[in-house]
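Novice: From first to last, the protein sequence lines stand for chains A and B.
Position 158 of the first sequence, counting from 1, maps to 334 under this note's numbering, and the rest follow consecutively.
Position 323 of the second sequence, counting from 1, maps to 499 under this note's numbering, and the rest follow consecutively.
Please note: incorrect hints may appear among the correct ones.
Identical chains share a label here; the pair holds if one copy fits it or two copies do between them.
[Said to hold, decoys possible] Distance condition first, Cα-Cα at most 27 Å in a straight line; then the derived DSSO-like pairs of lysine-lysine:
id, residue 1, residue 2
1, LYS398, LYS260
2, LYS422, LYS338
3, LYS518, LYS205
4, LYS315, LYS398
5, LYS518, LYS422
6, LYS582, LYS546
7, LYS546, LYS205
8, LYS553, LYS212
9, LYS546, LYS246
10, LYS338, LYS398
11, LYS212, LYS415
Simulated from the structure, these hints should not be mistaken for lab results.
What follows is the residue order along each chain.
Protein chains: 2
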Amino acid sequence: MHSADIVVLGGSAAGITAAITARRHHPDKSILLVRKEKQVPIPCGIPYIYGTLGGPEKNLIPDTVLDSNKIDLLVSEVTQIDRKQCVLATGEGEVRYERLILATGSIPTQPPIPGVDLDGVFTILKDVEHLVLLQQRLKQSRNIVIIGGGFIGIEFADEINKIDSKNVTVLELAANCLSLSYDAEFCSEMETLLLSRGVTVRTSATVARIVGDGHVSAVEMKDGRSVSADLVILGIGAKANVDLAKETELRLGLTGSVAVDRTMQTSDPAIFACGDCAEKISFFGGGPSPLKLASIAQLEARIAGANVYGLRRESDGTLGVWSTAVGDLAMGTAGLTESMAKDRGYEVVAGTVETPNRHPGGMPGTAPVKVKLVFEKHSQVLLGGQVRGTASVGELINTIAACVQKRMTAEDIAMFQMGTHPALTASPIAYPLVNAAEVAISCMQ
Amino acid sequence: MHSADIVVLGGSAAGITAAITARRHHPDKSILLVRKEKQVPIPCGIPYIYGTLGGPEKNLIPDTVLDSNKIDLLVSEVTQIDRKQCVLATGEGEVRYERLILATGSIPTQPPIPGVDLDGVFTILKDVEHLVLLQQRLKQSRNIVIIGGGFIGIEFADEINKIDSKNVTVLELAANCLSLSYDAEFCSEMETLLLSRGVTVRTSATVARIVGDGHVSAVEMKDGRSVSADLVILGIGAKANVDLAKETELRLGLTGSVAVDRTMQTSDPAIFACGDCAEKISFFGGGPSPLKLASIAQLEARIAGANVYGLRRESDGTLGVWSTAVGDLAMGTAGLTESMAKDRGYEVVAGTVETPNRHPGGMPGTAPVKVKLVFEKHSQVLLGGQVRGTASVGELINTIAACVQKRMTAEDIAMFQMGTHPALTASPIAYPLVNAAEVAISCMQ
């Protein structure tokens, strides 16, 4: 029989960070992480397996991070939670705990489309064997259709397109790819880039059925058009993995995930949940949030890990911060877009600027960077920001995320002292974050 | 005779931003920028003229930014300010103003060393003809000695070292280069890199005299050692250019710069000052601050430009935010270093982490990134941060700058939702800004 003060169920990003945080906050407690996978893929790295990295074995979370934090590891599948103990499936018996953290993640959404169970139709599971199989099948395929033009869809499209002799088509239901996270003018830049790289992008494309005789052969749309397909990837979202929680009669939330309060405590005070399996509320207004992102999972894991022996931290709710990259183009988003903010009923003022990301323009690596900030008009509070540029966008969006999370105003941002350097950033005069705030302020007067 | 509602004296980064800000806040006012230089070099780009860019003409601030903001330009030298008008030297007569903004910048410090007036000894003036002359003299020189290992010194050293057949030596008074802005462990990394690139670095090196017969031939140190020199560059700091302010009997401050309050107003309510010429106070405690940085000048210019017809903005004081780059190494700093904080009497806790800047480590461009955060121990308030890595450091340090300026605590940072991406940032589990805060928190418990 196994036993630990703190047991974490799930070995992906949320589980690991919850365990590390528990170690930092509770140095005297024993911590055991239980997961069913021998090896754990890096979730965000999965698309890059197929073009840039070369194989699933190049995209694994190293277990050394557990060792160095004195976290024990048990690879086994938990099938039932008997309050105060876990029962394992593999005959290893019980794992007893004082505090349990659920980080069981999510599973891909299977859309209600005829033909989704045909051979050659793949969802993206965070499972090495599944990812190896996908790589083998990609080798045998020529026409690849990706259903869903969110970030997973476009990253997969571009990576697969790097392999010789593939025809890659993205089918997106909405009017733009990435439209759940960016305003249209940013989305269309990504679409244009994908097209220039040889990926076919079809927006406003409603899939009617996936067809084939045993194996997939085509995807048919509602307007009657059809795309040949040897292989189909479904990238339309994910739902919380709540099988264990349900069985344990933990309360579920409005979106069907494990109900938690702001401290990540479930309906059982000894059980916490974090990451994709946990119910979320929005930072904007506090209503239920469907977002599932690494930035959120990490926050929740740092809360859950700290709180297991007395509440130390609370969540503000989901901001929605992430970035993506295709070729040299990088895009980041934090908080609400202009259209999302208007849909929710905010009266907004946006400030957008574009400028070279180095100064002078003759410095190596100079490329344009664009920043759009969206403010609530009356309070001047920042609701969100979007950035398009090159690699530094990955950090620039986090400055914006910090500003949104601390509910800074346009004036707060206009009063920033921001570092600049010819080889690293835009010029001080044109620094885009500050100037986007200034543009918005001049529209508010 | 010229006349404008708002006249800005000085055409470098502070003057331009003051004029643009005045335009944004006072759309109906006429604005005239008066400067004595026909062309204005980009201040931070000056070192890069000599290796990367190829000539001073590649490093100019374009006047189009004035046109597009409807700012008139007069190239002329103002020799006297007669309250409510400027008298010009060139016979163009008076320039009448309602509000005046002084942005007359700084001039390099001339150290009290014998031999500084020898031929071949250069300070770095923001003047194109001077920079052209320096380029010509560099071509004729083989042994170049740079006195001062601050950021200007090391950037010049590396750029000149890119030219064929130059022996470049940096002489730094303190125990480390960059020691006014980084803790020793960061400084020594820069020194090691410079050495590996062929630059000679001598620290704890007190210059006794510059010697030569008309033209410089060597630099002698107090310990008796000597370095051959055909050309010497002095990079030991700058002092406010206050000639006009003195003549006008504007009050000067404790450091000898033009006295201003937090609104950038001088002792004459119709005259504002910003940038290197203006007196500064520290964000930390409010005492006089000797810092002269683009990040500060820009803030002050945005305050002065907004405030000329009624006070809208106030300064928090100087943070000290800037970054530098040599080869692929980039370093950024914001606020107080650990040693500076201790010297000022703070009891501090520092958290340092180092991690790959991409994930997994097989992603192209992967290199280590190090973040050090310094907190006041009792309040947990962030006092400063230092970053070492590659280009994205230029933006990462600005997230830290925003945190310092908003006096965030370690817990605030630990509760961030930060975006991550395989091609752009460190992994979510290891994201260094958050983890440095977490490390510090675990030391505070």
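Novice: Compare the structure with each hint and give your call.
Specialist: Status of each hint after checking the structure:
1. LYS398 with LYS260: Result: close neither inside a copy nor across copies, 51 Å intra and 73 Å inter.
2. LYS422 with LYS338: neither (42 Å within a copy, 66 Å between copies)
3. LYS518 with LYS205: Classified as neither; 48 Å inside a copy, 34 Å across copies.
4. LYS315 with LYS398: neither (29 Å within a copy, 71 Å between copies)
5. LYS518 with LYS422: neither (36 Å within a copy, 53 Å between copies)
6. LYS582 with LYS546: both (22 Å within a copy, 25 Å between copies)
7. LYS546 with LYS205: neither (47 Å within a copy, 29 Å between copies)
8. LYS553 with LYS212: neither (49 Å within a copy, 41 Å between copies)
9. LYS546 with LYS246: Only across copies: LYS546 and LYS246 sit 23 Å apart there, 44 Å inside one copy, limit 27 Å.
10. LYS338 with LYS398: neither (30 Å within a copy, 62 Å between copies)
11. LYS212 with LYS415: Within one copy, since 19 Å is at most 27 Å while 65 Å is not.
Checked against the numbered hints given earlier, the structure breaks hints 1, 2, 3, 4, 5, 7, 8, 10 and satisfies all the rest.
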